[in-house]
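Each chain, written out:
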Amino acid sequence: MNEHRRQILQMLSEGKLSADEAERLISAIEEPSTTKSSDIGPKSGGKDRPKYLRVQVDSEDGDRHEGPTKVNVRVPMQLLRAGVKLAYLIPAAALQKANLAMHEKGIPVDLSQIKPDNLEELVEQLSDLVVDVDQKDANTKVKVRVFCE
Amino acid sequence: MIPFVAVVSLRNQESRTFRLWIPLVLIWLLLLPLGILLSPFIFIACLVCRVNPLRGLAVLWQILNALTDTQLDVEHRTAGVSFHIL
Chain E
1 MNEHRRQILQ MLSEGKLSAD EAERLISAIE EPSTTKSSDI GPKSGGKDRP KYLRVQVDSE
61 DGDRHEGPTK VNVRVPMQLL RAGVKLAYLI PAAALQKANL AMHEKGIPVD LSQIKPDNLE
121 ELVEQLSDLV VDVDQKDANT KVKVRVFCE
Chain U
1 MIPFVAVVSL RNQESRTFRL WIPLVLIWLL LLPLGILLSP FIFIACLVCR VNPLRGLAVL
61 WQILNALTDT QLDVEHRTAG VSFHIL
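Sequence lines, in order, name chains E and U.
Going by the numbering used here, the first sequence opens with residue 1, and the numbers climb by one from there.
Going by the numbering used here, the second sequence opens with residue 1, and the numbers climb by one from there.
Be aware that a few hints might be false.
To be verified - Reference excerpt, derived from the structure (chain U facing chain E, CB under 10 Å, subset only):
| no. | residue |
| --- | --- |
| 1 | Cys-46 |
| 2 | Gly-56 |
| 3 | Val-59 |
| 4 | Trp-61 |
| 5 | Gln-62 |
| 6 | Leu-72 |
Just so you know, the hints here were simulated from the structure itself, not pulled from any lab data.
The beta-carbon is built from N, C-alpha and C at its ideal position, and this holds for glycine as well.
With these hints in hand, go ahead and build the complete structure from the sequences.
Following this line, the structure appears as structure tokens:
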């Protein structure tokens with residue numbers, strides 16, 4: 001790349017190119033390299049794929065004075081993938097019924113649309129998922145946290 | 001890799017912890033002949049339900065493999081339960 005740059009500068013010094021043309025040519029040469037480096041950047045320095053889905057629940061019942069209860073669940077993402085693949089095994093008629101039941105409950109999900117590509121995309125997006133629920137009543141305090149790691 | 005061991009830890013009020021190692025590999029070995037014996041019936045059931053038996057087997061295998069590293073802990077002042085699949 002430096003060789004091209006040197007040639008352009010030499011042509012500029014020889015008067016074969018104007019300053020504007022030289023600038024445009026240099027920027028044209030540099031563009032692909034910057035694009036490549038920026039492409040590599042986020043992937044190499046970016047987040048790893050999540051391996052686990054974690055659910056943590058901390059609850060405290062003030063009335064009973066029994067102390068806090070802590071629940072910690074760690075589910076491998078691989079299990080989620082395999083679980084969703086079970087949807088392929090559901091017969092079409094049953095799938096239709098399941099879709100209908102979910103629509104009735106206000107969940108607009110079409111299980112027949114879950115394909116391997118969509119599934120991978122879904123799991124990828126889960127890496128950014130963090131759900132925090134804090135509930136504070138007079139007697140109880142519940143904190144639920146769902147995230148991927 | 002399918003899970004080979006499950007560890008169940010139980011803690012009681014006196015903070016005594018009982019740890020139980022369950023060799024899942026023995027369970028798989030016991031289930032294997034049973035599965036082979038039942039395979040014709042499972043095959044027929046799959047055909048009746050219009051499910052590809054090979055696909056079903058593949059998904060089942062994937063689920064078994066994915067169970068490794070599953071962990072569940074429940075801690076309370078009076079007792080605690082921990083379940084870990086290795």
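Status of each hint after checking the structure:
1. Cys-46: holds, 9 Å
2. Gly-56: holds, 5 Å
3. Val-59: holds, 5 Å
4. Trp-61: holds, 9 Å
5. Gln-62: holds, 4 Å
6. Leu-72: Where the cut-off is 10 Å and the nearest Cβ of chain E is about 5 Å from U:Leu-72, the hint holds.
Going through the hint list in order, the structure satisfies each hint without exception.
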